[in-house]
Structure formats: structure tokens, C-alpha cells
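**Student:** Chain residues, written in single-letter form:
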Amino acid sequence: DVKVTQSSRYLVKRTGEKVFLECVQDMDHENMFWYRQDPGLGLRLIYFSYDVKMKEKGDIPEGYSVSREKKERFSLILESASTNQTSMYLCASSFSRVPDAAGLIRNEQFFGPGTRLTVL
Amino acid sequence: KNQVEQSPQSLIILEGKNCTLQCNYTVSPFSNLRWYKQDTGRGPVSLTIMTFSENTKSNGRYTATLDADTKQSSLHITASQLSDSASYICVVIDDGGNQFYFGTGTSLTVIP
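As you go down the protein sequences, you meet chains A and B in turn.
For the first sequence, my numbering begins at 1 and goes up steadily by one.
For the second sequence, my numbering begins at 1 and goes up steadily by one.
Next comes chain A alone, as it looks inside the complex:
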């Protein structure tokens, strides 16, 4: 079974604090993603990574940065937390974005349990 874990289920921080959200996957997946989820807006992609030390901006990268020093770990960083970053943060991973030998793209995303972040 694929397992994606996130460092915290609940987190409360103050405005201006630096916040680290950690995500680890144990299936040697190449791709990792960070989303935030807000009521009525669905999942929105913040950043993603297709390889170690590689990162790409998603749809809403402002106010966030990421780090992928090891294949299994993808960190989301809020340099200076603000109240509008209060949200549910979901990490996901998938095997690859290129077709395998059979021509299939194994891009099903497996999600972690989420981190509910509150910024006061």
C-alpha cells in the first residue's frame, strides 16, 4: 500500500511565523504535490515536483516555497504566515509522469491525511 504521511494533523501558528509542513512517501514515487483545500474552492495546486531538487509553481504559489532534497520528502514552507493561509493542506504523490513500458502513465495521485493549519 502506498503511504503518504504528513508531519502534523493540526497546527496553530501566529501571523509572521515561519511554518514548515513536511510530507513523506514510501513508494519511491517521482512526483509530489502540495495542495490547499478551502470550502467551495476545491483543491488548488500550490507547487509540485517531478524530481529531486526540482520544483514547479502550481496555480497559487504566492506566499509559499518548497524544498525537495530527497526523493521521498517534499516540504512546504510559509516564509511569513498570514491569516489568509489558514486552510487544509494536502500532500500527494504519484509514480511518474512519463509512460511506462506498456505505454501507461501511472499518474494516480495518493494523498496524505492533510494538515489543518490555523494562522492567528
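The set of hints was computed from the structure by calculation and includes no laboratory data.
Among the hints, erroneous ones may be present.
In silico contact screen, one side only, chain A against chain B (beta carbon under 10 Å); selected entries [as the list claims (entries may be wrong)]: (1) Arg9; (2) Gly16; (3) Val19; (4) Phe20; (5) Phe33; (6) Leu45; (7) Tyr50; (8) Lys53; (9) Asn84; (10) Gln85; (11) Phe110; (12) Gly112; (13) Pro113.
Computed from a prediction, not measured in an experiment: that's the story for all the values here.
Ideal placement from N, C-alpha and C gives every residue a C-beta, glycine not left out.
Given the coordinates of chain A, work out where chain B should sit on it, guided by the hints.
**Tutor:** Chain B only, in chain A's frame:
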């Protein structure tokens, strides 16, 4: 503009009853469509995956259908249980296989 629209936003049904959730999309061309179940406070878990050429896919009491001509998908839940209470999210993936379009979900509550 959201390219995946789900309806209804929320739904309450009695335990044992059936229900159908709808997903309309404009993503074209696309490679596959997925339905996820998300329990409150948890991450989404995949229920069904259908390629553009498939019409139906079942997973236990869950049956997803796809009409690529009308760009509609539905998720039918049979003999609902209290544990079916969750948010159900429709996701459409583009033909390149790397761009995911998420619906905002349908919140289902099953009451005894």
C-alpha cells in the same frame, strides 16, 4: 473558470437509499476521469478511474459512469451506509496525463 462542475453541492439521504452524484466537465481532450472519496478531516482516497474510452466502472457499491460525448460523469451509490458520509470529488486529467482539474465536491450525509 472551473472546468469541472459537480452537483449537487450537498445531499442528505436516509441509510439504505441510493443516490447519484453528477460531474460535468469541459476539459478536452482528456485521458481519464476519477472519483475520490474524502472523509472529514482526511485526505481523498481514489474510488474509481475511467479512461476516456470506458463507460462504467464499479467498486463495490460505487458505480461510476462516463459519457464522453456529453462530457458528463455520475457516481451512483447503492444501499447507502452511514460510512458513506463524506465529500466526493470528481477529477479530470488532460490528455497529457499531467494536468489535473478538480471539482469542488459533493458533500454527502447519510442519516439513520
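**Student:** Each hint needs a verdict: does it hold in this structure or not?
**Tutor:** Hint check results:
Among the interface hints, the one on Arg9 of chain A holds; its C-beta lies about 8 Å from the nearest C-beta in chain B, closer than the 10 Å criterion. Annotation: interface hint on Gly16 of chain A violated; nearest CB of chain B at approximately 27 Å, more than 10 Å. The criterion of a C-beta within 10 Å of any C-beta in chain B is not met by Val19 of chain A, whose closest approach is roughly 19 Å, and the hint is violated. The beta carbon of Phe20 of chain A is not positioned within 10 Å of any beta carbon in chain B (closest approach about 19 Å), and the interface hint is therefore violated.
Interface restraint check for Phe33 of chain A: the shortest CB-CB distance to chain B comes to about 9 Å, inside 10 Å, so the restraint holds. Given the 10 Å rule on beta carbons, the hint for Leu45 of chain A holds: about 7 Å separates it from the nearest Cβ of chain B. Interface hint at Tyr50 of chain A: satisfied, since its Cβ lies 9 Å from the closest Cβ of chain B, which is below the 10 Å cut-off. For Lys53 of chain A, the shortest C-beta to C-beta distance to chain B is roughly 19 Å, which exceeds 10 Å, and the interface hint is violated.
A cut of 10 Å between beta carbons decides the hint on Asn84 of chain A: the least distance to chain B is about 19 Å, and the hint is violated. Interface hint status for Gln85 of chain A: violated, as the beta-carbon distance to the closest one in chain B is roughly 19 Å, over 10 Å. Contact between Phe110 of chain A and chain B, as hinted, is supported at the beta carbon level, the nearest pair being about 8 Å apart and thus within 10 Å. Given hint, Gly112 of chain A at the interface with chain B, holds; its Cβ is 5 Å from that chain's nearest Cβ, closer than 10 Å.
For Pro113 of chain A, the interface hint holds, since its Cβ comes within 10 Å of a Cβ in chain B; the closest pair sits about 5 Å apart.
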